[in-house]
Amino acid sequence: MDSFSTMVQFLLPGLGITLLVTLIALFMGCLIGVFMAVLRVYGNTFARTVATSYSIVVRAIPVVVIIFILYFVISEFIDLSAFMAGAVALGFASGAYQTEIFRGAILSVPQGQMTAARGIGMGRGKAIRCIIMPQALRIAIPSLINEVSLVLKDSSLVFVIGVPELLRRAQYASASTMKPLLAFGTAALFYILLTLVLSKFLEAVEQRFSLSS
Amino acid sequence: MKKFFGLLLMAGVFLTTVAHAGDAIVVGTSADYPPYEYTDAAGDFVGFDMDLIRAIGEKIGKKVKIVDMGFDTLIAGLQNGKIDVVIAAMQASDERKKMVDFSNVYHEIKDAILVKADSDIEINSIHDISQYKVASQTGTIQEKWIQENLVKKGKLAAKDYFSYERVDNAAMDIKAGRVDVLHIIADPALSLAEKNNLKIALITTEAVSAGQSLAVTKGNTELLTLINRAIEELKAEGILQELMDKYKLL
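Chain order of the listed sequences is A and B. Counting along the first sequence from 1, when you hit position 31 you're at 31 in the numbering used here, and nothing is skipped either side. Here the numbering used here = 1-based position in the second sequence + 1000.
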C-alpha cells in the first residue's frame, strides 16, 4: 500500500496534463471535424477534395509522426511549446476521425429535412446550421464517446517531445522504483478513471439532448 | 463553453515550459535511467548527471532548466535549437559526432553482464555471452558492439538477440527467464541487480570502453568551451568524484 501511494505521488501531476492535452485535442478535433464534414457533404468539388484529402492523409499518418512534424518542423517558424505542439497535433489527427464521424451523422439525417427546410425558404447555410447540424450532432454523440477514449490513449504519445504526461510519469516511476508492474498498473487505473469520467460526461450530454420518446 | 476552453488553452500555455528564458541554458535529458537521470516522486530531476549539470551551471553562471525528452529525440532537439545541452549518459559515437558537438569526457564507463541470481551461467570473457540469449538496450553502444562483433560475425543468431527500449523491462525478462544475459553499462547494473534479483556476472572494459560527454548544438563552441572548463574545474576540485561516490558509480 505504501508503494502504491508513492506511485500515485509519481503519477498525479501527469493526470492533469493528460486530461488537458486530451480536452484541447478533442475540442480542436471537434471544430475541425464539423467544418470538414460539412465541406465533404455540402461543399463544391474543390472543398470536397480538400476535406477528403485531409481526412485520408491524416488518418494514414501515425499520430506520433504528426507530433514530430509539428514540433520539429513547423515550430521552426512558429514558437510552439512542446505541450501545445502535442495537443494541436493530437487535435489535428482527431479532427480527421471526427470528420468521418460527423459526415456519417450528417448523412444519416433524412434528405427530406433539407428539402423541407429549403421549401419554407431557408437558405442552404441556414438549413445546415439550424436544421441538419442539430440533428446530426445528436446522432454523432455515441461515436464521439469512442473517439474520446482513443484520443485519451493517443495523448500518451506526446511524451516523445518531452511532455510529462501520465505514461511518461509511469516510466519515471518504473525507472526509479524498479516496480514496472505497479507503475504501469497504476497508470492503467488512472486511464480507466479518466475514460469513465469523460464518457459519463458525454453520456449525460447524450441524455440531455435525446428526444424524449 | 467557449470560455471554459479558452481557460484550458491559457492553462496549457502557462503550464508549458518556456524554452530559452533569458540567461538560462535549457538542458535535455531522458529521465528514466538511474543512477544518471531519473525523477523522485515529486517529479524533480535527480541523479549523477542532474547534479553535475547543476554544478556546471553554477560554474558558468547560468541557470539550468532541465527538460525531459525521449532519448531518441534529444539530438533532434539540439539540432532544432529546442535545447542547448544534452546530458543523458550519452557517449560520443562517430555517428552522433556528425550531428552534434561533444564535451570532454566527464565519466568513463565499464560494461556489466547481468544474469539471474540463481543462474549457473559463468561469463569469463564478454565473448562468452554468445552462447546465450542476449539482451541489451536499443541504440546503446553495447547493442552496437553485440551487433558488430557477435551477430554479424555469426557467433550469435539474430533471433537470440533482444533489444529493449528500457533496461528495467530487460531486467524483468531476465528474471522471467525469457532471456539469459543482459549486457549493459555497469553503473546502473548494481541497483538494477539488487531490485530485480539478478547478479553481476562480469564487469569489463573488454567490449566497450567509452566515456560520457555532454552534447551541444553543432558549432556552439562558445558554450562548449565554458562547459569543458567547468568539467575540468569540477574534476580538479574533487567535486566530480564526490558525485560519483554519492551515486555509487563504478
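Among the hints, a few may not be true.
Unchecked claim - Heads up, incomplete: computed chain B residues facing chain A, CB under 10 Å, no partners named: (1) Asp1032; (2) Tyr1038; (3) Asp1040; (4) Ala1042; (5) Val1046; (6) Asp1068; (7) Thr1073; (8) Gly1077; (9) Ile1083; (10) Asp1160; (11) Ser1163; (12) Ala1171; (13) Glu1194; (14) Ser1209; (15) Gly1238; (16) Ile1239.
Just so you know, the hints here were simulated from the structure itself, not pulled from any lab data. Cβ atoms here follow ideal geometry from the backbone N, Cα and C, with glycine treated the same way.
Here is how each hint holds up against the structure:
Hint status for Asp1032 of chain B: holds, given a least beta-carbon distance of 4 Å to chain A, under 10 Å. Contact between Tyr1038 of chain B and chain A, as hinted, is supported at the beta carbon level, the nearest pair being about 4 Å apart and thus within 10 Å. Checking Asp1040 of chain B against chain A: minimum C-beta separation of about 7 Å stays under 10 Å; hint holds. The criterion of a C-beta within 10 Å of any C-beta in chain A is met by Ala1042 of chain B, whose closest approach is roughly 7 Å, and the hint holds.
With a least beta-carbon distance of about 8 Å to chain A, the hint placing Val1046 of chain B at the interface is held under the 10 Å criterion. The interface hint given for Asp1068 of chain B is met, as the beta carbon of that residue sits about 5 Å from the closest beta carbon of chain A, less than 10 Å. Against a cut-off of 10 Å between C-beta atoms, the interface hint on Thr1073 of chain B holds, since the closest Cβ of chain A lies about 6 Å away. The criterion of a C-beta within 10 Å of any C-beta in chain A is met by Gly1077 of chain B, whose closest approach is roughly 8 Å, and the hint holds.
Proximity of Ile1083 of chain B to chain A holds as hinted, the smallest CB-CB distance being about 9 Å (cut-off 10 Å). Checking Asp1160 of chain B against chain A: minimum C-beta separation of about 24 Å lies over 10 Å; hint violated. The closest approach between the C-beta of Ser1163 of chain B and any C-beta of chain A is roughly 17 Å, which is over the 10 Å cut-off, so the hint fails. Proximity of Ala1171 of chain B to chain A holds as hinted, the smallest CB-CB distance being about 8 Å (cut-off 10 Å).
About 8 Å separates the beta-carbon of Glu1194 of chain B from the nearest beta-carbon of chain A, less than 10 Å, and the hint is met. For the restraint placing Ser1209 of chain B at the interface with chain A, the shortest Cβ-Cβ distance is roughly 25 Å, beyond the 10 Å limit, so the hint is violated. Hint on Gly1238 of chain B is violated. Least Cβ distance to chain A is approximately 27 Å, over the 10 Å limit. The interface hint given for Ile1239 of chain B is broken, as the beta carbon of that residue sits about 24 Å from the closest beta carbon of chain A, more than 10 Å.
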